[in-house]
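Engineer: One letter stands for each residue in the lines below.
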Amino acid sequence: NAGVTQTPKFRVLKTGQSMTLLCAQDMNHEYMYWYRQDPGMGLRLIHYSVGEGTTAKGEVPDGYNVSRLKKQNFLLGLESAAPSQTSVYFCASSAPDRKNTEAFFGQGTRLTVV
Amino acid sequence: AQKITQTQPGMFVQEKEAVTLDCTYDTSDPSYGLFWYKQPSSGEMIFLIYQGSYDQQNATEGRYSLNFQKARKSANLVISASQLGDSAMYFCAMRAAGGYQKVTFGTGTKLQVIP
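Going line by line, the protein sequences match chains A and B. Counting along the first sequence from 1, when you hit position 14 you're at 485 in the working numbering, and nothing is skipped either side. Counting along the second sequence from 1, when you hit position 110 you're at 139 in the working numbering, and nothing is skipped either side.
Hints were generated in silico from the structure; no laboratory data involved. Being a predicted model, the structure only gives us computed values, none of them experimental. Be aware that one or more of the hints could be misleading.
As the list claims (entries may be wrong) - Each computed DSSO-like pair below joins lysine-lysine, with the alpha-carbon atoms no more than 27 angstroms apart: (1) A:K542 - B:K139; (2) B:K139 - A:K480; (3) A:K528 - B:K32.
Please model the entire structure based on the sequences and the hints provided.
Structural biologist: Next up, the structure:
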């Protein structure tokens, strides 16, 4: 029972480098989310997807891009990393059929941009 | 727009005592769900409890209960008989149908249980 899996778990980038964070879920969930967590600011929504082939902006989308080519995968890209993107990134997924369905989270990715 | 407010950055509670963590929310959507998550120092997000906007009774899950006051737009988490393992960050979150099911989080409350 894998649930939501994020890769990688840790990464250090130099300013200007690019990378992709992968999120995979095996629960057949329609909705997937990317959040960033910073001290004192809770979890802020970066982008989300309500189904395969669809994406939408959240609260803090600048500097990030996403793709949902397959239902089970949601990719978060950083084209040109900046120190302000140092954060812990969480992916989550949920099912839309019942409003009380909670979001299931991955273990998080700790990203440091130097 | 959806907004969740948690006004207590940190709380202390004596072991075996009850504690209430505050959460207020704002949404214009009549249909929404409220959640509480626990984040221990290890970092994972653990779902605790859910309350639907149309639910007549307050939700309970073991030692966790949600004090839902719809008119005041508050959804406070009550933890009874605190244990040392309850020390963690606690996040209140909301999901509204009109918000395309996106889940919005508060800034969290750090709870420390004192032996």
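Engineer: Look at each hint and say if it fits the structure.
Structural biologist: How the hints compare with the structure:
1. A:K542 - B:K139: Violated: K542 (chain A) and K139 (chain B) sit about 35 angstroms apart, past 27 angstroms.
2. B:K139 - A:K480: holds (24 angstroms)
3. A:K528 - B:K32: holds (16 angstroms)
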